[in-house]
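Line by line, the protein sequences are chains A and B. Just so you know, we're using numbering that gives the first Met the number 0 here: the first sequence kicks off at 0 and counts up by one. Just so you know, we're using numbering that gives the first Met the number 0 here: the second sequence kicks off at 0 and counts up by one.
Keep in mind the hints are simulated off the structure, nothing from the lab. Note that the structure is predicted; figures quoted are calculated from it, not measured. Errors might be hidden in some of the hints.
[What the hints assert, rightly or not] According to the in silico footprint, chain B covers these stretches of chain A (three or more CB under 8 Å from chain B):
no., stretch
1, 8-19
2, 289-295
[To be verified] Pair by pair, the computed Cβ-Cβ distance ranges are:
no., chain 1, residue 1, chain 2, residue 2, range
3, A, L22, B, K9, 50 to 56 Å
4, A, P19, B, H31, 45 to 51 Å
5, B, Q80, A, Y258, 55 to 61 Å
6, B, E121, A, I266, 52 to 58 Å
7, B, S207, A, A276, 51 to 57 Å
8, A, L18, B, S44, 32 to 38 Å
9, B, K123, A, L18, 24 to 30 Å
10, A, V265, B, S44, 58 to 64 Å
11, B, G148, A, L22, 22 to 28 Å
12, B, G45, A, I266, 54 to 60 Å
13, A, I266, B, L14, 52 to 58 Å
[What the hints assert, rightly or not] To give an idea of the interface, some chain A residues facing chain B are shown, with a C-beta separation under 7 Å as derived from the structure:
no., residue
14, I299
15, I387
16, A389
17, F390
Note that beta-carbon positions come from the ideal geometry of N, C-alpha and C, so glycine has one too.
As a plain string of letters, each chain reads:
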Amino acid sequence: MSTLLSQSAAVIKMNIQSLPRRLWMSLAMVFASAVVVAILLAFLAMSKGFEATMESAGSDNVAFFIRTGSAAELNSSAGRDQVNLIENSPGIKRDEQGPMVSPELYVIVDGIKKSTQQEANLPLRGLDQRGVNMRKGFTLVAGRMFNPGTDELIVGAGVVSQFDGFELGQEIRFGKNTWKVVGVFSTGGNVFESELWADAKVIQNLYNRGSSYQSVRAVMESPDSLGAINEYLKSEPRLTHEAQAESSYFAEQGKSLSYMAIFGWVISSIMALGALAGALNTMYTSVSDRAMEIATLRAIGFSSFSAFIGTMAEAMTLAVVGSLVGSLAAFIFFDGLSTSTLGGSFTQVVFSFSLTPELFTKGISMALVIGFISGFFPAWRAARVPVIVAFQSGR
Amino acid sequence: MTTENLFELKNVAKLFTKGKETISIFEGLNMHIKKGDFMAIMGPSGSGKTTLLNLLGGVDQPSSGEISFDGQRIDNLSESQLAKWRANNIGFIFQFYNLMPMLNAAKNVELPLLLTNLSSSERKKQVATALELVGLSDRAKHMPSEMSGGQQQRVAIARAVVSDPTFLLCDEPTGDLDRQTADEILEMLQLLNSKFGKTIVMVTHDPSAAKYATHTVHLNKGKFVKAEELLV
Ligand SMILES: Nc1ncnc2c1ncn2[C@@H]1O[C@H](COP(=O)(O)OP(=O)(O)O)[C@@H](O)[C@H]1O
Ligand SMILES: [Mg+2]
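Chain A on its own, in the form it takes in the complex (with noise of 0.2 Å):
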């Protein structure tokens, strides 16, 4: 059949060039799905900009160490001592200041969200400037950093956008201490910029820590030497201490925030029904608003194969265009906003929904379905439009 193509193509562009006649209906149908589809996105969107800020954070040639058992560095320990033995496991580089290692503190503090004035709470984050350098794509965006031994601490840039009063030169009360801002830092957007830093002795001092750490981190020579250093944890009967790559603890937090997606699937799946029961009706609808036309075409001696890819061909372009208008509506509303939620430690993450090329192919997916599934039963019904309509009285 070399013609199915051409009468196919003929009735695809008659199906669509009678479209306003239904102009209201269709438009229903476009809006429904565009709503379905945005909705999916904008949960995805949220789960993967949450996923990438914590993924982005984790360096794989860093080891980082907390005590067996403990989720988090917020309830890890590592003593003086524990850290000197750390310091002297194989597989971790070392420098002209000796090994590349950095014992930090995590403590957490109030802070009041912009959003909802509600207080919620931040970490503050104990380390040198040897931890400082240890954290990928760090940079000061405003002022300088914090000198050692002083109550000066430096703030991420989320922290600023997110929560009250950390501006540059503020003066912050934490407990009964109290703290000057004097610098704002950048990680690229990852979960560091949730955090603020202050020299770690000063930390064990304020809230008496003694000499005590909480978590370790350590250049590695290579990601290799993973398993050289976790050797040397177990033979040291003093270390009760785990060691995995950064970027691992990072991914596994980043999780924390994938049932986001799994909401997102499953809410648009149940507005994708009502979707599609509007949708069927506007198909419906078409096919007996053109079931004249759909007759003649059959007597002149076109297929019913061609009235069937007709209906399928409108049902899926309404709906893909729903989709299109959908995908517009969540990338301006959604990509890149802020916002900061429970993170892995107890501690708010301020993190953007992000809109990447593969999310977009989700939500269009979606809209194939409700295409699909709207096009096909009513396409089914055009197939079978008896010819004799053609010669009924009667518009």
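Use these hints to put chain B with the ligands onto chain A, whose structure you have.
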């Protein structure tokens, strides 16, 4: 003799079932249509004219009996075989023109040619010829909504003849037109019959329309009758 017959109907029956009820439209109907005929079928409303036309046009199938076209049985063809057969042999002209409202005159006329293997330029040429035949060359780009009823029916005639079928089926072709326009359309059909050799069957209940045909048959309650009997 038989080879001269374009259509032959033998013992044709047609039943419709509506729910539990079965209505018999035709029983044991016999007829033949000769090549070159211009036959008018008359009869009161509900007498089965359109049903007969649908059977001749391969749009509907008989409940029993045989229908042959040019010596070939068509009553036992499948849906898709019938569609092909219609495309190759039949041109339809409807009471309400049945033009595609979203296509201009030329595009409407082109439709049957999309079922052939003609190139786009060959199609254009044939469309132009058909439009010229019905006197609408200057309306090629006009939409159906921009044309009068008579003009629309002329476009429909052009569409019916563009692929040069042997047989034209017209269901009340002038039923929606005023007298003068109706006469123009009927003259055009007459010309297609006499000059272009088209065999035509036209259903009408307008006696002055039937005068254009070479002969007229009368249907009443599914049977052919003499004209006088209808007056009773
Ligand atoms: N598809 C159908 N189903 C049931 N009855 C039908 C159908 N088509 C026609 N009829 C009936 O068959 C009879 C003849 O109809 P039709 O051929 O349209 O008559 P005409 O064209 O002469 O007015 C009518 O009584 C009509 O109600
Ligand atoms: Mg009729």
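*Honestly, which of those hints from before does the structure not fit?*
none
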